[in-house]
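Under my numbering, the sequence shown has 177 at position 197, and the numbering climbs by one with no breaks.
I should point out that these hints are in silico values taken from the structure, not numbers from a laboratory. No experiment lies behind these values; they were computed from the predicted model shown. We treat Cβ as the ideally placed atom computed from N, Cα and C, and that holds for glycine. One thing to keep in mind: the hints can contain errors.
As a list, the in silico DSS-like pairs of lysine-lysine whose alpha-carbon atoms are at most 27 Å apart [to be verified]: (1) LYS52 / LYS71; (2) LYS183 / LYS86; (3) LYS166 / LYS(-2); (4) LYS71 / LYS166; (5) LYS14 / LYS(-4); (6) LYS193 / LYS52.
Label-pair restraints from in silico Cβ distances [claimed, not checked]: (7) ASP256 / ARG340: 13 to 21 Å; (8) LYS158 / GLU330: 28 to 36 Å; (9) MET212 / GLN(-8): 50 to 58 Å.
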Amino acid sequence: MKEDDGKSARLQYSAKVKEDFPESLVFAGQSFRKRMSLRYGENPGYPAAFYVEEGASGPNMASLTVLQEGSKGLSYINLADMDLGQRLVKKLAEIQPGKSICVLVKHEMPSGVATGNSPEEAFDKAWHCDPLSNFGSVDVFNSEITTSLAVRLIESARNIEVVFAPEYSSDALEILAKRKSLRVVKMDVAPDRQALDNGLEFKRLAGGVLVQKRFDSRIRSDRDIDIVSIRMPSAEEVEAAIFNWIVACFTRSNAVVIGRSDKVHGIGSGQRSRIDAADCAIRFSRRGYGPEGCVMASDAFMPFPDVVELAAENGITAIIYPLGSIRDQEVIARANELGLAMIITRAPGETDSERSFLHR
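Work out the full structure: start from the sequences and follow the hints.
Have a look at this one:
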């Protein structure tokens, strides 16, 4: 292949595609107004646009300002990543108020998540969850982008696509402008405020559309969970379980997430079997912090004890998950043999556990 052929092939990824979509759409009685044309859709050569819901307000995608479009402009996937990151940041802020939070997103899945006492600490911890996967990420924050953080964000070895935050210092904006391809977007409303829209989710099918009410996890504190194992979890394990459960709620199913109370260590996502998702989470964690001493979150029940056995083999001490398998008792019995604490996603006295499937 000639060198010129390679350069020509790369041009499609920065070329903007003209769109002629209508200025407004009405769907299910709700009006949507075109906010911006996008570089292209999920793939180059296909037009795309972003519409905002009329009447939507608060910290959501209807309330943003593009401060730096970059040399490429925002794409369809960029906006989807920003949405997922903002919603996860907002949810984590509910359970850990006062903390700086950083969520790194790739292909509409979290790839690094952490909290800290400063945005720099949160970013550094999130990045080292999985530096390989975080290359080319969309980085979402709940606090101001400072000068020292901006210096990290423009490092070429990271290849960060988008920074999305509620505030930027003037010096930070000058530094971010040095990376010409970087998109910089401001949340017009801080993520600790209430977000309002019609609460419906739509998925287009060929010849139809699916509609559902948006999932919102009810797991926020130790009052929302119960213990089914002989060993009781420590307070730290409970805090870690809730943190990683929330991350699992925003991870494509089958999802298994492992980590501590302040950061994710490994994410297994989009797998057809639960044991594969668990295996991915553990393997990927070894690119960063490792699985030892972690709590595991599984977005659905475990059909066999194999996940429990894999967790114990790799030093994981507790699991949060929903009941619902015909082998629940077999799974719990094996966990008791191995000394794991088993935390379920329902409050004491309730019948139904919370499942958190996501297919976006």
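Hint-by-hint comparison with the structure:
no.: 1; hint: LYS52 / LYS71; result: violated, 30 Å
no.: 2; hint: LYS183 / LYS86; result: holds, 20 Å
no.: 3; hint: LYS166 / LYS(-2); result: holds, 25 Å
no.: 4; hint: LYS71 / LYS166; result: holds, 18 Å
no.: 5; hint: LYS14 / LYS(-4); result: holds, 17 Å
no.: 6; hint: LYS193 / LYS52; result: violated, 34 Å
no.: 7; hint: ASP256 / ARG340: 13 to 21 Å; result: holds, 20 Å
no.: 8; hint: LYS158 / GLU330: 28 to 36 Å; result: violated, 53 Å
no.: 9; hint: MET212 / GLN(-8): 50 to 58 Å; result: holds, 56 Å
Consistency note: the structure conflicts with the earlier hints numbered 1, 6, 8.
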